[in-house]
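Asker: Chains as they are written, first to last, in this note's numbering: chain A, 1 to 128; chain B, 129 to 251.
Think of the hints as simulated: they come from the structure by calculation, not from any bench. Using N, Cα and C, we set each Cβ at its ideal position, and we do this for glycine too. A portion of the hints provided could be inaccurate.
What the hints assert, rightly or not - Only pairs whose alpha carbons sit at most 27 Å apart, straight line, appear in this in silico BS3-like list of lysine-lysine:
| no. | chain 1 | residue 1 | chain 2 | residue 2 |
| --- | --- | --- | --- | --- |
| 1 | A | LYS117 | A | LYS85 |
| 2 | A | LYS13 | B | LYS130 |
| 3 | A | LYS69 | B | LYS210 |
| 4 | A | LYS12 | A | LYS85 |
| 5 | A | LYS12 | B | LYS218 |
| 6 | B | LYS210 | A | LYS117 |
| 7 | A | LYS12 | B | LYS177 |
| 8 | A | LYS73 | B | LYS130 |
Stated by the list, open to error - Residues from chain B shown here face chain A by an in silico Cβ test under 10 Å; the list is partial:
| no. | residue |
| --- | --- |
| 9 | MET129 |
| 10 | TYR168 |
| 11 | CYS205 |
| 12 | GLY234 |
| 13 | ASP244 |
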Amino acid sequence: MTEEIEDDEVVKKIMHIIRRAPHGTIYSYEALETVLIMAAYDQDVSMAFIDDGVYTLKKDQDTSELEIKGYMKTFTALDDYDVEKLYVDRQSLEERGLTEDDLIVDVEVLDSAAIGKLMGEQDTIIPN
Amino acid sequence: MKIGVQIKDGPYNHQAADTAYQFIKAARKKGHEVFAVFLYHDGVYNITKYSEPPNDDRHIANRWSELGAEGVTIYACIAAAKRRGITNSKDGEQHIMPNTEITGLGQLTDMAIVADRLVTFGD
Chain A
1 MTEEIEDDEV
11 VKKIMHIIRR
21 APHGTIYSYE
31 ALETVLIMAA
41 YDQDVSMAFI
51 DDGVYTLKKD
61 QDTSELEIKG
71 YMKTFTALDD
81 YDVEKLYVDR
91 QSLEERGLTE
101 DDLIVDVEVL
111 DSAAIGKLMG
121 EQDTIIPN
Chain B
129 MKIGVQIKDG
139 PYNHQAADTA
149 YQFIKAARKK
159 GHEVFAVFLY
169 HDGVYNITKY
179 SEPPNDDRHI
189 ANRWSELGAE
199 GVTIYACIAA
209 AKRRGITNSK
219 DGEQHIMPNT
229 EITGLGQLTD
239 MAIVADRLVT
249 FGD
């Protein structure tokens, strides 16, 4: 039991990697669910958006014709959960013709090497 | 080393469940402690009680149940499980494999906190 009490005080650096488009698979959506839970557990949670993952942050998504509940707005609530470390890979953004202004929340746009360095500083990486 | 494992894909279609299992076996053989497996997304199908593969094929659900009996806690995410009709009990009957349990994402968080390494398998 002692171990459990001690563990409650541990804050780990946990980075979630979002690599996929927001729709087509459930991975990105359920990653966001995990982020919210981990933030509620007061962990040092960050997210890195690379490859098609950058599309998850695209403004003005309309999922009504997919008949799938969109989750884009949930990103705007991340701030309330103190999840402020949102990193976007510059090359992934540029390859898709997007700029920071196309994104629904404030992010830090970094080159791959900088994101790689951040990954190296984490206790845990959760790929999605 | 204390290792937690997450599996994000269902059995048979993807190799993730097989690779995770072989990884766990190898890690334990080397003296590492694999304390829990967390099944997320389609990964929850790994512990359905109704899996009946052909006799000459590996029985993935049984593998998890056996590992569970050996003290590796096998968790499935409740939200993912409910979406897919995987439930621990309904009408008084157990629908998941023995030695497995359904739990919340908080458990995955606890695993990330406690583990020296949290290893994810799946696409």
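Asker: Holds or violated: is there a CB of chain A closer than 10 Å to the CB of CYS205(B)?
Answerer: With Cβ-Cβ at 8 Å, under 10 Å, it holds.
Asker: Holds or violated: LYS12(A) and LYS218(B), Cα atoms, limit 27 Å.
Answerer: Distance ~37 Å between LYS12(A) and LYS218(B) Cα, so the pair is violated.
Asker: Under the criterion that the straight-line Cα-Cα distance not exceed 27 Å, is the pair LYS13(A), LYS130(B) satisfied?
Answerer: With Cα atoms ~17 Å apart, LYS13(A) and LYS130(B) stay inside 27 Å; holds.
Asker: Against the 27 Å threshold, does the CA-CA distance of LYS117(A) and LYS85(A) hold or violate the hint?
Answerer: 14 Å, holds
Asker: Check the hint pairing LYS12(A) with LYS177(B) against an upper bound of 27 Å on the C-alpha distance.
Answerer: Distance of about 35 Å is beyond 27 Å: violated.
Asker: Would you check the hint for LYS12(A) and LYS85(A), treating anything up to 27 Å between C-alpha atoms as holding?
Answerer: OK: LYS12(A) and LYS85(A) at ~14 Å, within 27 Å.
Asker: Have a go at the GLY234(B) hint: is there a Cβ in chain A nearer than 10 Å to its own Cβ?
Answerer: Holds - the Cβ of GLY234(B) comes within 10 Å of chain A, reaching about 6 Å at its closest.
Asker: Is LYS73(A) close enough to LYS130(B), meaning Cα to Cα at most 27 Å?
Answerer: Roughly 37 Å between the alpha carbons, so the hint for LYS73(A) and LYS130(B) is violated.
Asker: Under 10 Å, Cβ to Cβ, is where ASP244(B) needs to be relative to chain A, so tell me if that hint holds or is violated.
Answerer: 9 Å, holds
Asker: Does the alpha-carbon distance linking LYS210(B) and LYS117(A) stay inside the 27 Å limit?
Answerer: 38 Å, violated
Asker: Going by Cβ atoms only, is MET129(B) closer than 10 Å to chain A?
Answerer: 13 Å, violated
Asker: Mind checking the alpha carbons of LYS69(A) and LYS210(B) for me, to see if they're no more than 27 Å apart?
Answerer: 17 Å, holds
Of the numbered hints stated above, those contradicted by the structure are hints 5, 6, 7, 8 and 9, listed in ascending order.
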